[in-house]
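K.L.:
Here's the letter readout for the chains.
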Amino acid sequence: MIVDAVSWVLLTLGGFSVLIGGIGALRMPDLYTRMHAASVTDSLGTMLVLAGVILQAGFTLAAVKLAATLIFLLFTSPTAANALASAALMAGINPGLATPWRQEPRS
Amino acid sequence: MTVFIIIFLLTLLVITALAIVQTSNLFAAAMLAGIFSLISAMTFFLLDAADVALTEAAVGAGISTVLFLGALALTADHERAGTAGRLIALVVVTAIAAVLIYTTFDMPRLGDPNAPSQLHVAPWYLEKTPEYIDVPNVVTAVLASFRGYDTLGETFVVFTAGIGVLFLLGKAPVGQPKLSPAMTFAGKAGLRHYQIPRVVGRLLIPFILLFALYVQFHGDYGPGGGFQAGVIVAASIVLFALLEGEERALQALPAGLLKLLAAAGALLYGFTGVACMLLGGEFLNYSVLAHDPVHGQHYGILIIEAGVGFTVTGVLISIFHSFAARGAK
Amino acid sequence: MIYYAVIVAILVTMGLALARALIGPTVYDRVLAMNMIGTKTVLLLAVVAFFMERPDFLDLALTYALINFIGTLAVLEFFRVRAQRRIAEEKEEGQSPLSGADAP
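Just so you know, the protein sequences line up as chains A, B and C, in that order. The numbers in numbering that gives the first Met the number 0 rise by one with no breaks, and the one at position 100 of the first sequence is 99. The numbers in numbering that gives the first Met the number 0 rise by one with no breaks, and the one at position 165 of the second sequence is 164. The numbers in numbering that gives the first Met the number 0 rise by one with no breaks, and the one at position 78 of the third sequence is 77.
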């Protein structure tokens, strides 16, 4: 009972943060701010949702697989976001800052 | 509830398909095709077809996207505008589509319990698998043993596709200017100046390979098997090639070894069938491979899944290298 | 019962990300959307696997997390190659009027 309640709370919070990230990715003005919003879903949303599902699984092999998925996602989502932002910056897409700052496209 | 999720996902599929057809930017089409494969994989999963979902996710959304991008790196960015014959094509396609949709009215509905396949074929497999083969995953039992001849054909089809691509793309045409290594897909520069992905990639590749081995051998008990494992190994080598440069990937797994692997897998499958014949049974009847029919079936499934895994690995990595090395020779 | 809210939230987010993939002015927006749809699919697979009482299907979630990562890096490599080609082509075009003017 307690486990179900805690799991429900975690899952709902996770769903909420995923939704916030999604709305942010759609409404933010600039590429880099959109990446910032999407990274909320990748880190906080993933942790909450998978923690909620792990609590539902109990001490079984399924929980180990979910923990492995969580660790894998925690390693790779920030890496992919870093690579994407790096590539965008190298290609010359400048962040919309208040004070102008230019990065020339370079190889 | 599941019905609503499936309807929503199918709507997303239709939107994605319309977007793919409508766009003339080829890169956007390749991305949207990747998204299409992944939503289809989700739909297959919701329809309880886990093996198909695993294969679709691995092949359609992973390797296919990488190969499309490798091909796009060699060709143009935008679709050439050609409008001749569009009206005739539209009429022909509409006519054929109308005929096909009309014929589906005679087919049983999806999941109808009175469909012929549910009354004769499926119950036989479900009842006889514990008796003859005794593996929990009936899909693997059907694929590898009851319909093993079809899977032999599939393995040889994959092998033939690999040979075809190697014939077409194996050697660069004479007189092409050599591109500098920085300008080829997964060339020497690769993503080398991205330090963080390189470090994380090096950490992860051994675990990905371990997971591929798990999927290969766990195919008897859950979704998995030779095809999926081969695709995951190929994906991990593609990751290595993207991060470290394609030359180092060729040093790690030389092209000759990959061709050998592809051929060895298909031959392993064929020779298992011949070995069954030599031991007194029919072609691909694994029951004669051991002292006990059920154990024979287990050994047979193990060997042929290994064969399928070898072939798929060899072919997919060879295809990737032939695309990536195209500009550099 | 407890899974309904999460499933709806993840599906809506996938729809929003698809909208970003269709709208996104630059190609990097589309790559971002593809990455987002990928990670949402992993979460959806994990939750639906428990919703449908089939916890053996979690291998799909792990596989898909892998494939998503590799796909994103492949796309970035493609962009790098394309940008290099453009720079090389512009260099050639910048040089050819010069050689044309020198020819007799």
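Treat the hints as calculated values from the structure; they're not laboratory data. Predicted, not measured: the structure shown is a model, and the values here were computed from it. There's no promise every hint is true.
Covered stretches of chain C (chain A as the covering partner; in silico rule of three or more C-beta atoms under 8 Å from a C-beta of chain A) [to be verified]:
#1 15 to 22
#2 33 to 47
#3 59 to 66
#4 73 to 80
C-beta atoms are modelled at their ideal positions from N, C-alpha and C, and glycine is treated no differently.
K.L.:
Taking the hints in turn, state whether each one holds.
P.N.:
So, going through the hints one by one against the coordinates:
{"no.": "1", "hint": "15 to 22", "verdict": "holds (count 4)"}
{"no.": "2", "hint": "33 to 47", "verdict": "holds (count 8)"}
{"no.": "3", "hint": "59 to 66", "verdict": "holds (count 4)"}
{"no.": "4", "hint": "73 to 80", "verdict": "holds (count 3)"}
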